[in-house]
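These are the residues of each chain, in order.
Number of protein chains: 2
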Amino acid sequence: MKTPLLPLPSGFSASGVHAGLKAKGALDMGLVWSDKPAILAGSVTRNEVRSAPARRTERILKGGQAVRAIVVNTKFANDLTGRQGMRDADDTGRVAGKLLGVNPEEVLVHSTGVVGVPIPRPKIFKGVILGVEALSLKGGGDFAKAILTTDLVPKVSCRPVSVGGRTAWLAGCVKGSGMIHPNMATMLGYLMTDAALSQPLMRKLLREVVDLTFNRLTVDGDTSPSDSVVLLANGVSGAKTITNAGADYKAFRTALLGVCEDLAKSVAKDGEGATKLVTVSITGAKNDREAGLAAMAVAKSPLVKTAVFGADPNWGRILVAVGYSGAKVDEFKAKVDLGGYRVYSGAPKAGWSREKLRKILSRDEVEIKVDLGLGKGKAKVWTCDLTYDYVKINGEYTT
Amino acid sequence: MKTPLLPLPSGFSASGVHAGLKAKGALDMGLVWSDKPAILAGSVTRNEVRSAPARRTERILKGGQAVRAIVVNTKFANDLTGRQGMRDADDTGRVAGKLLGVNPEEVLVHSTGVVGVPIPRPKIFKGVILGVEALSLKGGGDFAKAILTTDLVPKVSCRPVSVGGRTAWLAGCVKGSGMIHPNMATMLGYLMTDAALSQPLMRKLLREVVDLTFNRLTVDGDTSPSDSVVLLANGVSGAKTITNAGADYKAFRTALLGVCEDLAKSVAKDGEGATKLVTVSITGAKNDREAGLAAMAVAKSPLVKTAVFGADPNWGRILVAVGYSGAKVDEFKAKVDLGGYRVYSGAPKAGWSREKLRKILSRDEVEIKVDLGLGKGKAKVWTCDLTYDYVKINGEYTT
Numbered sequence: 028m029k030t031p032l033l034p035l036p037s038g039f040s041a042s043g044v045h046a047g048l049k050a051k052g053a054l055d056m057g058l059v060w061s062d063k064p065a066i067l068a069g070s071v072t073r074n075e076v077r078s079a080p081a082r083r084t085e086r087i088l089k090g091g092q093a094v095r096a097i098v099v100n101t102k103f104a105n106d107l108t109g110r111q112g113m114r115d116a117d118d119t120g121r122v123a124g125k126l127l128g129v130n131p132e133e134v135l136v137h138s139t140g141v142v143g144v145p146i147p148r149p150k151i152f153k154g155v156i157l158g159v160e161a162l163s164l165k166g167g168g169d170f171a172k173a174i175l176t177t178d179l180v181p182k183v184s185c186r187p188v189s190v191g192g193r194t195a196w197l198a199g200c201v202k203g204s205g206m207i208h209p210n211m212a213t214m215l216g217y218l219m220t221d222a223a224l225s226q227p228l229m230r231k232l233l234r235e236v237v238d239l240t241f242n243r244l245t246v247d248g249d250t251s252p253s254d255s256v257v258l259l260a261n262g263v264s265g266a267k268t269i270t271n272a273g274a275d276y277k278a279f280r281t282a283l284l285g286v287c288e289d290l291a292k293s294v295a296k297d298g299e300g301a302t303k304l305v306t307v308s309i310t311g312a313k314n315d316r317e318a319g320l321a322a323m324a325v326a327k328s329p330l331v332k333t334a335v336f337g338a339d340p341n342w343g344r345i346l347v348a349v350g351y352s353g354a355k356v357d358e359f360k361a362k363v364d365l366g367g368y369r370v371y372s373g374a375p376k377a378g379w380s381r382e383k384l385r386k387i388l389s390r391d392e393v394e395i396k397v398d399l400g401l402g403k404g405k406a407k408v409w410t411c412d413l414t415y416d417y418v419k420i421n422g423e424y425t426t
Numbered sequence: 028m029k030t031p032l033l034p035l036p037s038g039f040s041a042s043g044v045h046a047g048l049k050a051k052g053a054l055d056m057g058l059v060w061s062d063k064p065a066i067l068a069g070s071v072t073r074n075e076v077r078s079a080p081a082r083r084t085e086r087i088l089k090g091g092q093a094v095r096a097i098v099v100n101t102k103f104a105n106d107l108t109g110r111q112g113m114r115d116a117d118d119t120g121r122v123a124g125k126l127l128g129v130n131p132e133e134v135l136v137h138s139t140g141v142v143g144v145p146i147p148r149p150k151i152f153k154g155v156i157l158g159v160e161a162l163s164l165k166g167g168g169d170f171a172k173a174i175l176t177t178d179l180v181p182k183v184s185c186r187p188v189s190v191g192g193r194t195a196w197l198a199g200c201v202k203g204s205g206m207i208h209p210n211m212a213t214m215l216g217y218l219m220t221d222a223a224l225s226q227p228l229m230r231k232l233l234r235e236v237v238d239l240t241f242n243r244l245t246v247d248g249d250t251s252p253s254d255s256v257v258l259l260a261n262g263v264s265g266a267k268t269i270t271n272a273g274a275d276y277k278a279f280r281t282a283l284l285g286v287c288e289d290l291a292k293s294v295a296k297d298g299e300g301a302t303k304l305v306t307v308s309i310t311g312a313k314n315d316r317e318a319g320l321a322a323m324a325v326a327k328s329p330l331v332k333t334a335v336f337g338a339d340p341n342w343g344r345i346l347v348a349v350g351y352s353g354a355k356v357d358e359f360k361a362k363v364d365l366g367g368y369r370v371y372s373g374a375p376k377a378g379w380s381r382e383k384l385r386k387i388l389s390r391d392e393v394e395i396k397v398d399l400g401l402g403k404g405k406a407k408v409w410t411c412d413l414t415y416d417y418v419k420i421n422g423e424y425t426t
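Read top to bottom, the protein sequences are chains A and B. The opening position of the first sequence corresponds to residue 28 in my numbering, with each subsequent residue numbered one higher. The opening position of the second sequence corresponds to residue 28 in my numbering, with each subsequent residue numbered one higher.
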């Protein structure tokens, strides 16, 4: 796998190392370090079952303190590991804090991977040492690779943002391929900036952006107990602190939304076994909530997702999924377009061509649009097709 | 495919014929006839998108009249076919009524198959003629075969029931393999009896029984716009009419529950591409509603279903699915058993064996039990594994 280019914002360094958790030298632990204390915002899974690292992250978010480092292992989720799991996560934070000369609570500890297996403490601790040794200003790409599990490609995005005439930088990377469904962040996501924002404003913004991006993403409808997205802002750019919803805030919001949308789409595109990125857009719903239900039902439907995989022009399944979504539907008013080609408008479109539709469904990116003709509600969701490889990957995951 | 034995109750005859809708002489239309007017109870899909036949069935159920016949075609769902679809369904009822000498509204017209394609009227009408000609007291097996689509085996069940000292008979058959998820009956189901019940009592009973059986069944989480289950009682046995919830009612309820449970399990077992029947039992939930949410989340989870397919001992996914189900979970109180083998009890069970678990998951029937340790809520759901063949079948359905 190629190492991606992920230029880090000023004051950040990172690394990705092989701690011996995975086979054959694969990167399996990642570390991020900020020279200055970074303001933290974050979203943690709403699954009732939460990994020890997810619970620990919640505790640190609640504490409100600035953070300095993140340690990630991507082999053992440390979930369903009993009381020992929290001790293991805390001790990982302690080891990193000791090595980096900071308080353990300034170190976020994240993990993902197989559940129900205790982490191998000596290997993890050794990984922290290796990670600290490897920290580098150019380590963003290695970090982005180290956080992956079943992903086939690293997922990175970055952009500049002008704050009060000064240029700050925003960079992000995520891992996520299966067990992807909203309800808070749906994977591990790391967003770093050398801009500065007041904590309340930054937390409100991240919630908003996560709702419009990572929470509009589904691969298999399974939410993970590990999922977390964090945004660290260390202010090293020297740009003035954004404290209210003015022009600087708007510019930063646009950049953050852009980065998160890039990352969310790249997760859908790299969904386990996926061959196609599928965008589902609903318009004309009674309201946005119903549009969201409808879009998500279509995006989750195994029947729609297998039909897209097989390029089978079985478009009826789309409206059928809208029909059980909870959204109001009048099938005599609804319209359905695939890749801009209308197949249904209150009734099947006379003369629609199976061959043309098959060609549209054979593209790398498929756009499904449904207009319900009932109101102004709209929503967009990203997903992928459901394939043999999804079954293969998940039928053999721990084997 | 072998023709099953389905002895019909007195006064019923049936047939299954090839009307030329499907290829190579496959049975594609079915007909049921009752010598005497039969009291009707029924459940129709709750999908907002409903096939013309489903809407027509609702109208007849609302009318409350007795019925005499059922016509089923299993190639064209007659769904999303615009206003013409209802005319086609009504005209099919008219043709059958004319041939059988009864009112069109005494004829139920059902269909399943591909959506968005108008039915070929001449072939369907010819099929009705063939079906009437072929009616026979021994035609139950042919009918049970004719109603199938992607099913690999016919699904039938029957039992005697003693009413006031007289023996009546109850027989049922269903079709259903994919697009199976509750919300009313989740497939086409036909239940026939020569007992007699008052209509209000019979309707209440069917609702109850459907909730305990067909609504506890999921294959892929997709509900169909065609799904209907009907119970016809013609009273030809001469057993006295059951009008209240006494001993006769109890006996009939037990028989009906048994038949419907047989049929629901056989649908899960024959789920598209399935290699295994999976039973998910939740106990100790805060209440029955939460137990139902938890059981359904586990049964729907693609990650659980692929792990069962691959016999991958990745049991953590079970509790993770319970965690996002909406049910309250305390992972330190929960217990998980697979095929009677405990793997988790507040923490992973020390020394659980991957090899033993792999053997359990390799069986034809897999029982997943979760005790949440929080209350008295319980629920059971039937499902199947998610396999390559599910993807294959649904990626090529119309092709």
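Bear in mind the hints are in silico, worked out from the structure with no lab data behind them. Any given hint could turn out to be false.
Identical chains share a label here; the pair holds if one copy fits it or two copies do between them.
Here are the simulated lysine-lysine pairs, PhoX-like style, with alpha carbons at most 25 Å apart [as the list claims (entries may be wrong)]:
1) K403 x K89
2) K419 x K49
3) K355 x K89
4) K376 x K150
5) K49 x K376
6) K383 x K125
7) K362 x K403
8) K292 x K355
9) K231 x K405
10) K419 x K383
11) K313 x K383
12) K362 x K49
13) K313 x K355
14) K63 x K292
15) K313 x K360
16) K267 x K29
17) K376 x K313
18) K313 x K277
Now the hints, each set against the structure:
1. K403 x K89: Result: close neither inside a copy nor across copies, 37 Å intra and 34 Å inter.
2. K419 x K49: within (19 Å within a copy, 32 Å between copies)
3. K355 x K89: between (39 Å within a copy, 22 Å between copies)
4. K376 x K150: between (61 Å within a copy, 23 Å between copies)
5. K49 x K376: Between copies only: 24 Å across chains, 53 Å inside a chain, cut-off 25 Å.
6. K383 x K125: This pair counts as neither: shortest intra-copy Cα distance 63 Å, inter-copy 42 Å.
7. K362 x K403: within (14 Å within a copy, 47 Å between copies)
8. K292 x K355: This pair counts as neither: shortest intra-copy Cα distance 28 Å, inter-copy 32 Å.
9. K231 x K405: within (22 Å within a copy, 39 Å between copies)
10. K419 x K383: between (31 Å within a copy, 22 Å between copies)
11. K313 x K383: Neither: 31 Å inside a chain and 52 Å across chains, both beyond 25 Å.
12. K362 x K49: neither (49 Å within a copy, 29 Å between copies)
13. K313 x K355: within (7 Å within a copy, 32 Å between copies)
14. K63 x K292: neither (31 Å within a copy, 61 Å between copies)
15. K313 x K360: within (13 Å within a copy, 42 Å between copies)
16. K267 x K29: neither (36 Å within a copy, 78 Å between copies)
17. K376 x K313: Classified as within; 24 Å inside a copy, 50 Å across copies.
18. K313 x K277: Answer is neither; intra-copy 29 Å and inter-copy 45 Å both fail.
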